[in-house]
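For the record, the sequence lines run as chains A and B. Under numbering that gives the first Met the number 0, the first residue of the first sequence is numbered 0, with each subsequent residue one higher. Under numbering that gives the first Met the number 0, the first residue of the second sequence is numbered 0, with each subsequent residue one higher.
In case anyone wonders, no lab produced these hints; they're calculated from the structure. Glycine residues also receive a C-beta, built at the ideal position from the N, C-alpha and C atoms. Any given hint could turn out to be false.
As the list claims (entries may be wrong) - Just the calculated beta-carbon pair ranges, DEER-fashion:
1. A:268 - B:144: 20 to 30 Å
2. A:371 - B:103: 33 to 43 Å
3. A:268 - B:76: 43 to 53 Å
4. A:279 - B:32: 30 to 40 Å
5. B:131 - A:279: 49 to 59 Å
6. A:264 - B:81: 53 to 63 Å
7. B:98 - A:328: 28 to 38 Å
8. A:371 - B:24: 16 to 26 Å
9. A:371 - B:90: 30 to 40 Å
Here's the letter readout for the chains.
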Amino acid sequence: MRFSTLIWHNLLRRRLRSALTSVGVGVAIMAVAALLAISRGFEESMAGAYESRGIDLVVVRAGVAERLTSSLDQRLADRLRKLPFVEDVVLELRDQASLGDSALVGTPLLGWEVNSQLYESLTFTSGRPLKKSDRHAVLLGEALAERLGKQVGDTVELLLQEFRVVGIFTSRNRFENLTAVVQLQELQELMDRPGQVTSFQLKVRDSAHKSLDVEAVRAAIESLTDRQGRKLGLLAQPTRRFVTSTLQIRIAHAMAWVTSAIALVIGAIGILNTMIMSVLERTREIGVLRAIGWRKSRVVRMILSESLALSVAGAVVGVVSAATLVKVLSSTHRAGAFLTQEIPAAVVGRAMLMSIVLGLVGGLYPALRAAALRPTEALRHD
Amino acid sequence: MTETTSNENGEILIRTCGLCKTYRDGAVTALSDVNLTIYRGEYVAIMGRSGSGKSTLLNLLGALDQPTSGEVFFEGQSLSRMPDLDRFRAEKLGFVFQSFHLLPTLTALENVQIPMFESRLPRARRVAKARELLAAVGMSERETHLPSRLSVGERQRVAIARALANDPVVLLADEPTGNLDSRTGSAVLDLFDRLHRERGMTLVVITHGQDVAERAQRIIRIKDGRLVDAGVYDSQVLQKS
């Protein structure tokens with residue numbers, strides 16, 4: 000007999016209780032894995048869109064909590080283009096508005112220049128990109144178009160003005176599948192933000208030492224001054240860092256972690272309860288084990304192994320459930336627009352690590368309590 | 000603290016010196032000034048009524064409990080100064096309980112292997128040794144049975160095989176026939192006789208039954224926590240057996 004056989008027999012003694020405990024842990028791990036996967040999916044999706052456009056740096060107003068409130072003079076683009084190593088500067092204005100009388104309050108609106116490279120990350124499922132000659136034309140992300148029930152040729156109302164849908168697209172940035180794109184100048188007029196953009200997106204020329212060049216450009220932008228020598232207050236960040244610092248991603252991560260922490264605490268209490276019951280029921284047996292020479296450390300190992308087995312089994316259940324849940328959700332119209340389809344390996348690894356911590360935390364007190372039993376008292380226990 | 004380990008009667012295995020045990024801050028005296036010597040290879044019965052303190056004495060001899068005062072010496076070494084009592088119990092002692100205390104989810108063969116986890120024997124050797132021990136107590140046919148499928152006599156045989164797992168120096172048995180009928184009880188005592196005779200094992204049996212005690216070479220009587228009769232050690236009896 001192996002030591003693990005003993006652990007297995009002990010867990011099978013109360014099959015239903017063991018199964019329910021593992022399922023409880025599984026639900027906690029499922030919540031952790033699914034939420035982490037979703038928040039990571041957001042981040043990857045957003046970062047992927049920038050990277051696919053070849054964007055190296057994103058410039059916003061320093062100190063703003065949310066990039067929608069970032070406000071920059073679009074004429075700065077010319078100064079940025081003149082900086083060494085800069086290949087191109089792309090302008091973007093972001094805002095939000097409700098679309099007509101639909102229930103979609105706060106739909107993100109993007110203002111892009113007609114020849115912007117930003118279009119490169121879009122795939123048109125119908126219609127075409129914006130043309131310079133277009134007036135009051137709009138592109139809709141596929142998910143948004145479906146929610147609005149709009150097709151190319153239909154009209155949507157943006158801040159009481161009629162816009163004609165000329166194209167429907169999907170974007171590498173899943174968030175953008177729920178956005179509407181209009182010409183930069185039209186959005187500036189619509190939102191009463193003439194000459195303003197929310198961000199500049201910079202491409203740095205390819206070279207053997209591009210990361211050094213990107214850093215040099217970043218430093219140069221942040222030290223730009225006006226005619227009086229005052230700093231312009233610009234924040235330039237590499238795309239990956241910019242994405243992780245955006246409010247949406249930070250909120251998504253924070254929500255994932257807080258919800259995960261609550262789920263994990265509940266899971267740990269479940270294991271703790273089960274293991275305390277188990278130790279209580281086996282008090283006399285543990286007394287026998289101690290009497291025949293088992294060390295305290297072996298008793299601790301036995302109880303901890305049992306709680307670890309429960310939590311790792313729960314983790315397997317949880318990860319499989321989370322993968323199924325994410326797959327099902329991502330296939331739906333409502334959630335599929337911004338959900339990743341798979342759980343990344345790193346999230347699976349993190350979930351498994353959490354289950355181990357869960358098992359150790361939930362099993363430690365019962366294990367120490369079992370080891371502290373005095374053989375004579377334990378043997379007298381009814 | 001160590002002491003001499005032999006006298007004119009032979010090699011001293013266990014000696015107690017002024018052993019006292021009280022409970023509830025001295026309100027209840029379980030043992031009082033017990034001085035006792037047990038020789039290697041001896042078969043001793045400790046006899047007394049219920050509540051006389053005999054189980055307390057066995058617990059102290061088996062390092063399951065600490066005395067309030069006094070000392071227990073094993074092979075000349077004080078138990079109170081022994082650094083690792085778990086190891087001492089695992090290597091030197093075998094316990095047989097009145098209620099057998101087999102693990103209910105393990106087969107007879109697996110139950111016998113339980114003490115061997117502390118001996119670091121490889122798995123194959125553990126299994127082989129457990130089989131040998133079950134054969135020695137006549138339980139080869141039942142090695143895959145769970146305790147619930149064994150008779151009480153068979154359970155006690157498995158418990159004895161478990162007690163022998165680490166080749167102990169002494170077997171401590173607390174009312175080993177207390178839950179058995181007279182026929183199976185007698186069979187268990189026959190097994191003790193055989194262990195004593197064939198292996199030269201030291202046996203200390205706690206009992207309140209005269210018939211059980213009479214199987215031993217020496218009967219130590221205990222009453223109200225005091226030793227009233229330490230019996231007479233007769234090395235000839237040992238040699239004859």
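Hint check against the structure, violated hint numbers in rising order:
Those not satisfied are hints 1, 2, 5, 6, 7, 9.
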